[in-house]
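Residue numbers (the numbering used here), protein chains in the order written: chain F, 212 to 677; chain L, 212 to 677.
Worth double-checking, as some hints may not be accurate.
You can't tell identical chains apart in this list, so a pair holds if it fits in one copy or across any two.
Unchecked claim - Computed list of lysine-lysine pairs in DSS-like fashion (alpha-carbon distance at most 25 Å, straight line):
1) K393 x K674
2) K676 x K427
3) K221 x K354
4) K495 x K416
5) K588 x K438
6) K221 x K427
7) K482 x K495
8) K293 x K454
9) K293 x K438
10) K274 x K221
11) K676 x K216
12) K555 x K216
13) K221 x K292
14) K293 x K530
15) K304 x K267
16) K233 x K665
17) K233 x K438
18) K499 x K627
19) K304 x K291
20) K499 x K676
21) K530 x K499
22) K665 x K274
23) K216 x K427
If you're looking for bench data, these hints aren't it; they were derived computationally from the structure.
2 protein chains.
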Amino acid sequence: MANIKPSVPKGTRDFSPSEMVKRNYIFQTISTVFRKYGYQEIQTPSMENLSTLTGKYGEEGDKLIFKILNSGDFWSDADKKKQKTPDFDYSSKSLLPIISEKALRYDLTVPFARYVVMHQNEISFPFKRFQIQPVWRADRPQKGRYREFYQCDADVVGSESLLNEAEFVLIYKEALSLLGLKDFTIKINNRKILSGIAEIIGKPKLIVDMTVAIDKLDKIGIDGVTKELIERGFSPEDIEKLKPVILLQGSTLEKLEQLKAVLSSSETGLKGISEIESILGYLKGLTKLSAEGMSSFLELDITLARGLNYYTGAIFEVKTNEVAMGSIGGGGRYDDLTGMFGLKGLTGAGISFGADRIYDVLEELNLFPESTSETTKLLITNFDTEAEMYALPIIQALREQNIAAELYPAAAKLKKQLSYADGKSIPYVVLIGSDEMQTGELTLKDMQAGTQEKISLEALIQKFKN
Amino acid sequence: MANIKPSVPKGTRDFSPSEMVKRNYIFQTISTVFRKYGYQEIQTPSMENLSTLTGKYGEEGDKLIFKILNSGDFWSDADKKKQKTPDFDYSSKSLLPIISEKALRYDLTVPFARYVVMHQNEISFPFKRFQIQPVWRADRPQKGRYREFYQCDADVVGSESLLNEAEFVLIYKEALSLLGLKDFTIKINNRKILSGIAEIIGKPKLIVDMTVAIDKLDKIGIDGVTKELIERGFSPEDIEKLKPVILLQGSTLEKLEQLKAVLSSSETGLKGISEIESILGYLKGLTKLSAEGMSSFLELDITLARGLNYYTGAIFEVKTNEVAMGSIGGGGRYDDLTGMFGLKGLTGAGISFGADRIYDVLEELNLFPESTSETTKLLITNFDTEAEMYALPIIQALREQNIAAELYPAAAKLKKQLSYADGKSIPYVVLIGSDEMQTGELTLKDMQAGTQEKISLEALIQKFKN
């Protein structure tokens, strides 16, 4: 066997112990909040039938799905096809369905829809599920973009109630606050408002062009947006009608009032406004905060478009204001989630947390609790067989009190053992030498402070039990 | 889009909320014990380079690795090859390296070895890691055998100390006891003892044949083993020498004494015995139990062979005695784990828990704690808008105390709401009607008992806070 220097595939990562503890901390914090709001965890297989995934993500998306080669003699199947169909033309496209029938999941939403349809008879609707699993995309890897990454989704299916949307706002608020974030904005919009706007300027069919352009307001400013709108087929008169909407100012309630006036002739637009008002109403009932009081974390953003072809009602996006970073969460309502698998009339709404970005934000703001860097609490040194034997009942007593402890597994120099503790971020080392064995008093070294103290086993247990 | 009834690929499974809670319970219990003994979690990517995996699992294993089709136009690469090499023969074997360069991991051990070699400069050795992730095998699916399943491994690399083996015995004992198992046997053997036996009967090269045969003693009895040994090239004289070893009787210490006599001329065999004695010595120091006292959970089994080509020292296997079930765990010591990636001289030892089988055992023995079936603790009913608004601050107050609670998201008949609670195993329902809104006293229904009581919000919070 050649000894090639081993590597991982492009766009994939190993997670070290210290990274895992931090990642688990994020996932556990978010899961706890999901559960508190009645969301239950499911998992789906990493592989789905190719037919389940194909056609759900657009042509570009289909290309980014990782396909799995059929096991066994895949080529003989292609060969048979060629023999039966002499004008069969070998190409990636024609061969794909013959040599591959499975693929890695591309997101958690389509597998969730498939799950709901397959298990519809066992499910109590409304079904509130969360799911934290990796997904795979054959995207060109770049900084912050991986070919394998975790998604962290909560969705409810089978409930039209806007209470769900209000609770999503609170889930975001609570989870991000628990993670230590102090300044973040949950942006909310409604697809129906966007439709209403396209309607009143008389270009309902250009809604996608319109939203793609106004979604860029933050980046390219009103002049850039104007230019793009004209390129996309809007007239200067259209743009004059659009401007006051795009440049909406004031508090949430003021914005809603202005929108109501502008959209007064669009039933759809007014429906969108009333949905936002209902969500605010639920939030007020829950938190006792007025729309004004909520403005520190919730903002109506009429330019927010995010996956427009997908969402049919509320649209969410979450940004931190403490670090320059893209959105750390998003979601919305999508009618007819399960229609693609033949189960019509089930509406859904969902949100997602961007765990990788949240990780980077917490790292940058130094928000990971100190405990996430610790694993083992105590290392007991090992200088010779006698000390090792002496240490055995001690380590057992510590573990019986659920204190994570290790005995260095062989006699070694102190320096080596301390460096092991250091490398593993073990905060305390128990030294056992001839003195300690004679007196029964152990020596406890605080690795951070560099100090040492004498301590009995009972006192040691008491110290670390809590 | 055709509406085909959706399904999951053969040999894969969805996990429902109630299954997930139980699976998490198993994984969390085992992880907690791993951590207590100083093992730290890592994760590796689902995909590895095909070159990392190929040749590590034997020819049969290589066939069972799921390969991932290169993204993009895989066929044009095959085409180019054909143009450059006109006598290139299309076959699955010749095409594979051209159209696939990545594969799904087949186990956690090879990725771990790859991890250690790649990160050797960041790691503090001895490196104690655990890993709980899915693996994929293109095996023919059958009852209890899946194409995607979780492995749950702990390994230490870079330590020869037999303290590690002793701690593995305690990890098994503690984790299985925590999971509620009362009667299980951790079988232990040593590859060097098996080598010694093959040596003293003068057939060292037939060690694999010998162990394959005697490994079947449980199933086919001594006559079957004799027959198979003869087929595999052993003489009746060899078998006469083997019999007393295979049929070893008595306590662990008695067995060891008999083995010492039989293996007195084999240095390797005696080394194996002394390793077992060292492990027992560590266990005695840790638990204060004699070999006799340990016999309720630890058994020397000289016929245990398990992955012989792999292990070089201790060999473990764990069985429950409460249910008929294959082994629920296994492991051992393997020298030169990382040699396959060019890093020589690192010895390793590891164990694995069979999570799927443990799940089935706990299910059959009804050992899952009742709390694993609960998710949301309380459902608040929703009969009309007024009651809904009344309920909002109540649900908020409950959640502020970290009580997982749900408000049924729309007005509906009581029966429907109770059936929702039932389907989700929610143990309590809070009923809010006009009476409750007038008096402020809520009605709490115990779903299990079917009883109802009046309760204030404060008392409700007190009841569920603990």
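Verification of the hints:
1. Proximity of K393 and K674 under a CA criterion of 25 Å is satisfied in neither setting, with 33 Å inside one chain copy and 32 Å between copies.
2. Taking the shortest alpha-carbon separations for K676 and K427, neither the intra-copy value of 55 Å nor the inter-copy value of 47 Å comes in at or below 25 Å.
3. In the homo-oligomer, the alpha carbons of K221 and K354 lie at most 25 Å apart inside one protomer (12 Å), although the nearest pairing across protomers, at 36 Å, exceeds that limit.
4. Taking CA atoms no more than 25 Å apart as the test, K495 paired with K416 passes in neither setting, with 36 Å inside one copy and 79 Å between copies.
5. Proximity of K588 and K438 under a CA criterion of 25 Å is satisfied in neither setting, with 61 Å inside one chain copy and 55 Å between copies.
6. Proximity of K221 and K427 under a CA criterion of 25 Å is satisfied in neither setting, with 31 Å inside one chain copy and 45 Å between copies.
7. When the C-alpha separation of K482 and K495 is checked against a cutoff of 25 Å, the pair qualifies only within one copy, where the shortest distance is 20 Å, while the shortest distance between copies is 74 Å.
8. For the identical chains of this complex, K293 and K454 are neighbours neither inside a copy (60 Å) nor across copies (59 Å), given an alpha-carbon limit of 25 Å.
9. Taking the shortest Cα distances, K293 and K438 never come within 25 Å of each other, neither inside one copy (53 Å) nor across copies (50 Å).
10. Taking identical chains as interchangeable, the C-alpha atoms of K274 and K221 lie at most 25 Å apart whether they share a chain (17 Å) or sit on different chains (24 Å).
11. Taking the shortest Cα distances, K676 and K216 never come within 25 Å of each other, neither inside one copy (44 Å) nor across copies (55 Å).
12. Proximity of K555 to K216 under the C-alpha cut-off of 25 Å is restricted to the inter-copy arrangement: shortest distance 13 Å between copies versus 52 Å within a copy.
13. In this homomeric assembly, K221 and K292 come within 25 Å of each other (Cα to Cα) only across copies, at 23 Å, whereas the closest approach inside a single copy is 34 Å.
14. Proximity of K293 to K530 under the C-alpha cut-off of 25 Å is found in neither arrangement, the shortest distances being 53 Å within a copy and 52 Å between copies.
15. Within a single copy, K304 and K267 get their C-alpha atoms as close as 17 Å, which meets the 25 Å cut-off; across copies the closest is 33 Å, which misses it.
16. For the identical chains of this complex, K233 and K665 are neighbours neither inside a copy (33 Å) nor across copies (44 Å), given an alpha-carbon limit of 25 Å.
17. Taking identical chains as interchangeable, the C-alpha atoms of K233 and K438 are never at most 25 Å apart, the minima being 45 Å within one chain and 57 Å between chains.
18. Taking the shortest alpha-carbon separations for K499 and K627, neither the intra-copy value of 58 Å nor the inter-copy value of 30 Å comes in at or below 25 Å.
19. Proximity of K304 and K291 under a CA criterion of 25 Å is satisfied in both settings, with 17 Å inside one chain copy and 17 Å between copies.
20. In the homo-oligomer, the alpha carbons of K499 and K676 lie at most 25 Å apart only across protomers (22 Å), although the nearest pairing inside one protomer, at 41 Å, exceeds that limit.
21. In this homomeric assembly, K530 and K499 come within 25 Å of each other (Cα to Cα) only inside a single copy, at 24 Å, whereas the closest approach across copies is 57 Å.
22. Taking the shortest Cα distances, K665 and K274 never come within 25 Å of each other, neither inside one copy (65 Å) nor across copies (60 Å).
23. In this assembly of identical chains, the alpha carbons of K216 and K427 never lie at most 25 Å apart, being 45 Å within a copy and 40 Å across copies at closest.
Checked against the numbered hints above, the structure breaks hints 1, 2, 4, 5, 6, 8, 9, 11, 14, 16, 17, 18, 22, 23 and satisfies the rest.
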